[in-house]
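**Student:** Dock the two chains into a complex; use the hints.
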Amino acid sequence: MRIPDKTKPYRYSLWEKLYLPAIFSGLKVTISHFFKNIRKSPFTIEYPEKRRDYGNRYRGYHILTTRPDGSLKCVACYMCATACPAQCIHIEAAEHPDPNVEKYPVVYEIDMLRCVFCGYCVDACPENAIIMSNTYDMAYFSRKDSIAGIDDLRKPFTVSQEWLGYRPYFPEERKVDLVKMAKERGPVAA
Amino acid sequence: MDKKLPVWVRAQDNYAGKVELEHDVDIPTWIVDSSVSKELLSDLYREEKFDMLLDLCGVDYPGREKRFDVVYHLYSFSTGKRLRVKVPVSEDRCEVDSVVDIWKAADWFEREAYDMFGIKFKGHPALRRILTHEGFVGHPLRKDYDPGKRWQLEEDKIYKPVFLNLPPEEDSMFERMTINIGPSHPAMHGTFRLMAVLEGEVIVDSDVEIGYLHRCFEKMAETHPWQQVVPYTDRLNYCSAFINNVAYCKTVEDMLGLELPPKAIWGRMVLMELSRIMDHCVCNGTTLVDVGALTNFWYFFEIREEIYSLLTKCFGSRLTVAGCRIGGFQHDLPPDFIDLCKHLLEIIPPLIEDIDKLVTHNRIWLDRSVGISAISGKEAINWGWTGPCLRASGVQFDLRKNEPYYWYDKVDFDIPVFYGGDVYDRYRVRMAEIKESLKIVRQLVEQGIPDGPYAVDDYHVMLPPKDMVYNQMESMIYHFKLIFEGMRVPPGERYGYLEGANGELGFYIVSDGSPNPYRIKVRPPCFPIFSTFSRLIRNQTVADAIITLGGLNIIAGELER
Ligand code: SF4
Ligand code: SF4
Chain A
1 MRIPDKTKPY
11 RYSLWEKLYL
21 PAIFSGLKVT
31 ISHFFKNIRK
41 SPFTIEYPEK
51 RRDYGNRYRG
61 YHILTTRPDG
71 SLKCVACYMC
81 ATACPAQCIH
91 IEAAEHPDPN
101 VEKYPVVYEI
111 DMLRCVFCGY
121 CVDACPENAI
131 IMSNTYDMAY
141 FSRKDSIAGI
151 DDLRKPFTVS
161 QEWLGYRPYF
171 PEERKVDLVK
181 MAKERGPVAA
Chain B
1 MDKKLPVWVR
11 AQDNYAGKVE
21 LEHDVDIPTW
31 IVDSSVSKEL
41 LSDLYREEKF
51 DMLLDLCGVD
61 YPGREKRFDV
71 VYHLYSFSTG
81 KRLRVKVPVS
91 EDRCEVDSVV
101 DIWKAADWFE
111 REAYDMFGIK
121 FKGHPALRRI
131 LTHEGFVGHP
141 LRKDYDPGKR
151 WQLEEDKIYK
161 PVFLNLPPEE
171 DSMFERMTIN
181 IGPSHPAMHG
191 TFRLMAVLEG
201 EVIVDSDVEI
211 GYLHRCFEKM
221 AETHPWQQVV
231 PYTDRLNYCS
241 AFINNVAYCK
251 TVEDMLGLEL
261 PPKAIWGRMV
271 LMELSRIMDH
281 CVCNGTTLVD
291 VGALTNFWYF
301 FEIREEIYSL
311 LTKCFGSRLT
321 VAGCRIGGFQ
331 HDLPPDFIDL
341 CKHLLEIIPP
351 LIEDIDKLVT
361 HNRIWLDRSV
371 GISAISGKEA
381 INWGWTGPCL
391 RASGVQFDLR
401 KNEPYYWYDK
411 VDFDIPVFYG
421 GDVYDRYRVR
431 MAEIKESLKI
441 VRQLVEQGIP
451 DGPYAVDDYH
461 VMLPPKDMVY
471 NQMESMIYHF
481 KLIFEGMRVP
491 PGERYGYLEG
501 ANGELGFYIV
511 SDGSPNPYRI
521 KVRPPCFPIF
531 STFSRLIRNQ
541 TVADAIITLG
551 GLNIIAGELE
561 R
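These protein sequences, in sequence, are chains A and B.
Numbering (our numbering) for the first sequence: 1 to 190.
Numbering (our numbering) for the second sequence: 1 to 561.
Simulated from the structure, these hints should not be mistaken for lab results.
Quick reminder that beta carbons are idealized off the backbone N, C-alpha and C, glycines included.
Errors might be hidden in some of the hints.
[Said to hold, decoys possible] One side of the interface only, derived from the structure: several residues of chain B facing chain A at Cβ under 10 Å:
id, residue
1, 51
2, 220
3, 301
4, 322
5, 396
6, 399
7, 421
8, 448
9, 467
Just chain B, same shape as in the assembly (with noise of 0.2 Å):
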């Protein structure tokens, strides 16, 4: 498949001409003609395996006769492979076949790139706006749209629910009323807006309203330069912003080709556990909260406090971090941090055991929690989910130890499975995952930090030293260079993925050569998740939806970027 078209494609008359494959990228690609989109799609589908969409975005090249690319991102769980389509569309005809009904997780997918690019799809049961305001002209991240550019917000142009599954009504005892909860509601986390439609307590089909958070990360990015993106990167999904500035850098680093120091490697990955842990941590203890059990948070937020510490210690602010530069770190990690680790080592379990003690057995919370919004791993693959609440669903996928990256296959760790694919079963996932993430970290202290440098010696890539600035010429050359003009990086285009807290957080990004990225799309794990929401809080109470938002962890900054 990678060298050529799989005998099915080229067997088939309709196909001839129409679906290429383009070299010199990451993982697999195929161009594919518009006309033939979907038969080709439903055929990988079902052909290949690929019972996964990842992610589905527009990519803007103005100078192209079509000008559109829409890329689709595919993985199989059953051959652990992945695809990328393109798909061109002109921008007169910007048109494309939908596949929501292939996979579930293109309907959110596709009214982005509708809203972002004015991409029509074709078949799509609802095809609208999703993150920005109803009253926006324009689609926001082509090339001409200005950056700068700001819009007065028209209050009559509110965003009208849309209920695609609504039961007819029956004679029932209750009238049907609907209600909305948010977007500033305190049991929301975030700032989401939910209409349900209700019959008596039980919620018989919703529309949930998402972008209030959303501040144009992508379109921001393509107007800084590359290192400058990494405090952007920070207010993605911040309860555990570290995450998301190595999934940055080490796709950007895997473009330029960049090896990192064995202490830049050993560095990251503890702070990626300490920061996994303390994700869980934020997304347990609130979920415990919306049930009334408040203590549980102290104590979750007693390990959140002590990992921000050592954070701040390290990089100088506790919540958006900004830890990383692209090639390693801005700076070596202080001299301390062995103990600091131990100490967090020492008293992090006896934490975790007593919330075990208190929750984990309680009869009123297995009663709240056991059964809610259950979902089994086929259809939640078909939504797109990944992470942990894949993992509750009985799915063993962490790209950990699928596709080992960075020294994750010289650790050792399990995956932990639950089948209930419930908010029980999430929750507990989220314990056990702590206690796995400790391991790594405990493992990795054992071994010591590396010798050696925190960051390549790539002056082209990383500032000089500060003391060689001050005193060396052709360190201040490259200081100089570097600020003003900003590294570059080879045109291409890369997908770059690890487990983030949540799922697979996922960067396209294409450059072109110039200083600044040509476009950096982001694959939040939550989006896909959170675009299920509906479906899983169909006949349940108000007060199920409400833990269930908990426990898929929606982080705001992430779904809506």
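For reference, chain A alone in the conformation it holds in the complex (with noise of 0.2 Å):
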């Protein structure tokens, strides 16, 4: 490899030297785009009139979704807040009186100055319990405001779909047949 050991600065060409062509060669771009941001409209929203369209997939202020009944899916087995690398998930479980239900949050906040939006607990999450909304214009007077509580989270699961955001998905091509995997890997070992 040739490693030069002197720099050759650029020397000018006879346009540059001339200095008008390449001004006015600059001004017709210019004009151009002027006429052309009369014709559509700019790249730029007049948010918050308008927002921008960030997909399905815009991981957002946090949904814990519901059952039917209106409780919580959450069975409150500290998945999410295993997995958040930001530590800001907290749960406090209590006995559910239905037997068929383990498990239920009395306690579920997440510190949304803490969280780093990353989608993670989403993943962990083996009920669907938690999940993502495109809503990301949250601002706060005090950082107490900033902890979201169960009654904050909880929306209908209703909601319509341009309103979600991050959620589990269900690729086909992955469906592969895990017991005969595991079984020709042997057990579950770390």
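**Tutor:** Written out as structure tokens, the structure reads:
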């Protein structure tokens, strides 16, 4: 590899030395953009009247999903809290009166100022109990307000589809026979 | 050199029994006694032509008699070889010889190792803290330092500048004056503090203080499971977060010996090139704003905005994408991915052309940037430069071509090189690289998305798909084990590297087989580049210092970790 030990600065071309031609060609560009922007709206948007469409995977404010009877799907298994890289989920569990459901959360809090909106909690949940919406404009007057409890996070599960953000997907092509695979690989071992 | 030590080492008596070869490692590794380390390293520089010190860091093994390892990563431009040199030192004689007079790049790296581990470097011109505050007590990356510990910063212990190259004062028209710019000054692009000694308007010497954005990434990584480190890597070079994700995941995948499915590789390549475009857009856009060329900024940011839209549709976030997982992606690419890419390929080239017409040949910009803070290729290498800045100094070095990874040897692209080594050529390299990256993306898009899975189906590494977790017992167990116990990486170490937007982005990872990484050292490309800043701006004016900083593309998140 050739490694030069001197620098060779750029030599101006005649076009550049003349100064004006380049200025005019630049002006042509800006003027053409001016007319283009009059014809069609520019790429900036008038927030908050208009919002950008961030697609249906946006990682925003969390939602705790509910069963048809309105109770939380969450079984307080602490998987999301364990997976959270920011350690911002706080759960307190209690025994559920219904014997079919083992536990439920009495306290479920997410500190939105600590949260990095990575979606690991959604990936970790085995019950589809926590998903995300595409709400991103959160602002608080005090740190206390930023801690979202069950009431803030509980939203009816029938929210419109446009409102939902990051949540589990069901890709078709990865449906391999896991039982067979596990047998081939041997027992689950670290 | 891989199997046996070279003759010149074996022939010298003073190396007898003091240089050993380590076996079963990713790159050739020598373990060297600290009494001969300096001698050996300077011999390596001369005999084996290791002209670049890529990285220097410490690793702490509290159980060992010689507690610390000082690890040097070397690269040779003439032979293309890499070498790792480890120098173990004990806690009570925690000292090695400084190598600043061989490689200038060692200056800041040694200060960092001192700051983080308390390893002293004999002969360093001014060994002092670099990333932590002056009032900090202890050395944070030592294993016995509690990660949860907090310090109250004292105002009287502030950084005092050290001017090492101050020429003697001569009779001059002007009186000398020291000025301070930053840390929160709009021209400093982040939070750097520049203290410059001026004579009139000319900087005769300067010193920079960094560390305002130090978030102890490396310590945090040691307290998190492997997969959970990914969101942290986003926050290194936040202008091209995706490249950091890939660099980290790729290194761990190589440690695990995982073979990625073609779709994951394809997707990573496309998104990495788009991230590179984005990074160059931000760098060139803001540099030009510094000289008052504001219009092009909107054009550059239109490109960036559109690429962000694509990233949001893929991973759900704009800046901190956290898109990769060790083993592939967490989710499949969206079904309209190809169409979105085609849309980008349509709108980006005309915008780049417009910017070219607007500024590249504009005399005002040329007069401001040509010949400013020029550095030759040879000197840049000694300072540890890589990436676009080095290519602007005439060295045709790009890891995508020199040591191809993924499918970079299968796509057709060029490495733009310019010879000015100045601000203008750094700008031109980036403009040319945007076009080359578009070329790569176009070829990949024409090739089409490969069929198949988007991640490995090894459920000791990746979470199984959700529908299987809900419905199958085995998947549930895998899921449960992975979340609560984390994945394991076999004990060992690896230096993984790829071409980041700023240069060689390296991850030196040590694993001890536990659920968390034992040590992660990032080699941030802009760290050695920024250490050159004082040298670059010497005898330039203050205004030139500002555009020099813009043109180097220093990203505080990556610099200070
Ligand atoms: S999005 Fe990430 S940081 Fe936020 S609660 Fe979930 S896991 Fe934690
Ligand atoms: S992982 Fe799901 S079910 Fe378990 S505690 Fe979290 S939200 Fe509840």
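**Student:** Take the hints in turn and mark each one as holding or not.
**Tutor:** Consistency of the hints with the structure:
Given the 10 Å rule on beta carbons, the hint for residue 51 of chain B holds: about 8 Å separates it from the nearest Cβ of chain A. For residue 220 of chain B, the interface hint holds, the least distance from its beta-carbon to any beta-carbon of chain A being 9 Å, beneath 10 Å. With 10 Å as the threshold, the beta carbon of residue 301 of chain B comes within range of chain A, its nearest partner Cβ sitting at about 8 Å, so the hint holds. A least Cβ separation of about 5 Å between residue 322 of chain B and chain A falls short of the 10 Å threshold, and the interface hint therefore holds.
A cut of 10 Å between beta carbons decides the hint on residue 396 of chain B: the least distance to chain A is about 7 Å, and the hint holds. With a cut of 10 Å, the hint placing residue 399 of chain B at the interface with chain A is violated, because the nearest CB-to-CB distance is about 13 Å. The restraint placing residue 421 of chain B at the interface with chain A holds, with a minimum CB-CB distance near 4 Å, inside the 10 Å limit. This hint is violated: residue 448 of chain B has a C-beta 16 Å from the nearest C-beta of chain A, more than the 10 Å allowed.
For residue 467 of chain B, the shortest C-beta to C-beta distance to chain A is roughly 5 Å, which falls under 10 Å, so the interface hint holds.
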